[in-house]
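Mind docking chain B on chain A? Use the hints.
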Amino acid sequence: MTRRQNRMLAVGSLIAGLALAAWLGFTAMSKNLMYFYTPTDVVSGKAPAHAKMRLGGLVERGSVSRGEGLLVSFTLADCAQKVGVKYEGILPDLFREGQGIVATGHVEDGKFVASEVLAKHDENYMPPELADSLKTEGGHSCMPFKPVEKPVTALAS
Amino acid sequence: MWTWFHRLASPPSFYRFADRVAPWLAVAALLLLGYGLFAGLWIAPKDYQQGDAFRIIYVHVPAAALSLSLYTGMAIAGVVALIWRIKLAECAIVALAPIGASFTALALVTGMLWGKPMWGAYWVWDARLTSELVLLFLYLGVIGLDQAFLDRRAAARACALLAIVGAVNVPIVKYSVEWWNSLHQASTILKFGKPTITAEMAIPLYASLLGAYLLAGMAALRRMQNEVLLRERRAGWVRELTAV
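For the record, the sequence lines run as chains A and B. Residue numbers for the first sequence follow my numbering, beginning at 600 and rising by one. Residue numbers for the second sequence follow my numbering, beginning at 130 and rising by one.
Chain A with its partners taken away, still in its complex shape (with noise of 0.2 Å):
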């Protein structure tokens, strides 16, 4: 082999071997690169009982119930599952029905109680009256709220 061979010998393992290095730990470790948990994690019990975590997935329409102050209740729903929600303080300009959102907080007696409530837009763009038209009512697409450990119900269907 001449010395050109050699060194190309030596990049390219070292790229194969990034890569495999690479694919392999984030494998291993996609759970813990998940931004947030969905409803259908904390149903099935997959996200942790009683620890702060994230919570993300749609204002569900009609859900929305303001008490108190700055008070305020709704459901989370993704593609298949709901969680109650309660959270006390502002919340971001874009939070409304049908609107993704990810909240910190913790679950208490089945619901969650948020202590900071962050809104997530989708990738869509386009003119008011254009999302008029298309009657779309600002719903956001649940898709982008991926459970961290698929069930195997939904896999089924």
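In short, the hints are calculated from the structure, not lab data. As the structure is a prediction and not an experimental result, all values here were calculated from the model. Just so it is clear, CB atoms sit at the ideal spot from N, CA and C, and this is done for glycine as well. Careful, some of the hints might be misleading.
Covered by chain A, per the in silico footprint, the following chain B stretches (three or more residues, Cβ under 8 Å) [unchecked claim]:
| no. | stretch |
| --- | --- |
| 1 | 240-252 |
| 2 | 309-315 |
Once the Cα atoms are required to be at most 20 Å apart in a straight line, the calculated DMTMM-like pairs of lysine to aspartate or glutamate come out as [said to hold, decoys possible]:
| no. | chain 1 | residue 1 | chain 2 | residue 2 |
| --- | --- | --- | --- | --- |
| 3 | A | Lys710 | A | Glu696 |
| 4 | A | Lys685 | A | Asp708 |
| 5 | B | Lys175 | A | Asp721 |
| 6 | A | Lys630 | B | Glu307 |
| 7 | B | Lys175 | A | Asp731 |
| 8 | B | Lys245 | A | Asp721 |
| 9 | B | Lys175 | A | Glu728 |
Chain B only, in chain A's frame:
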């Protein structure tokens, strides 16, 4: 074709080629960016959910796209420099790093300014934001490593190695929003099939995207010219050039 390629890879002919091409790139970049930013910031309609705040997309998306493209270019130059020992590829690595670092910083800053009013937070540690920050550190690492060597060729080879190793991060940044849950939205412009942005908003975006690529290309040629001059300062053709 290969003879043309080899001739271009020789420093003096590259220098002359870059001198001819760079001004045209600058003019085209200025026109495209001028149109793209003007049409994006003033003419395009406001977004149905984000209102006028979405307009930062016309800076954020080109900056983020360049941050990944320039790193990919730097890693490819690294492979070429290590295997074929082409001097011009070595120049490209050290020339591209500061340009890429600038675009990465711009993408991070515009992203933070966008995140506060829309998400409700300047920064979150989700996969997209974290990997883009790692990208900035990789660029800074290449710049620092380059400065740490006196010998330009040794510096370029060390930088090539770091650039190649760091290239693992590029697909992670790109696909982080698809592989994992994130607060950051999924890709708007590279999503095939369903259109996710209306034409009146998209056309200025593509214009500023192309303009940013041409601007980066111009900057890369000029920085490579500088690097070539620095390395070849004792060569005959450089002395002729500077004697005029």
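Quick rundown of the hints versus the structure:
1. 240-252: Holds: 5 residues of the stretch 240-252 of chain B have a Cβ under 8 Å from chain A.
2. 309-315: With 6 residues close enough to chain A, the hint holds.
3. A:Lys710 to A:Glu696: 19 Å, holds
4. A:Lys685 to A:Asp708: Since the Cα atoms of Lys685 (chain A) and Asp708 (chain A) sit roughly 11 Å apart, the hinted pair holds (cutoff 20 Å).
5. B:Lys175 to A:Asp721: Distance ~16 Å between Lys175 (chain B) and Asp721 (chain A) Cα, so the pair holds.
6. A:Lys630 to B:Glu307: Judged against 20 Å, a Cα distance of about 14 Å means the pair holds.
7. B:Lys175 to A:Asp731: 13 Å, holds
8. B:Lys245 to A:Asp721: 16 Å, holds
9. B:Lys175 to A:Glu728: Distance of about 10 Å is within 20 Å: holds.
Violation of the numbered hints given earlier is absent; every hint is satisfied by the structure.
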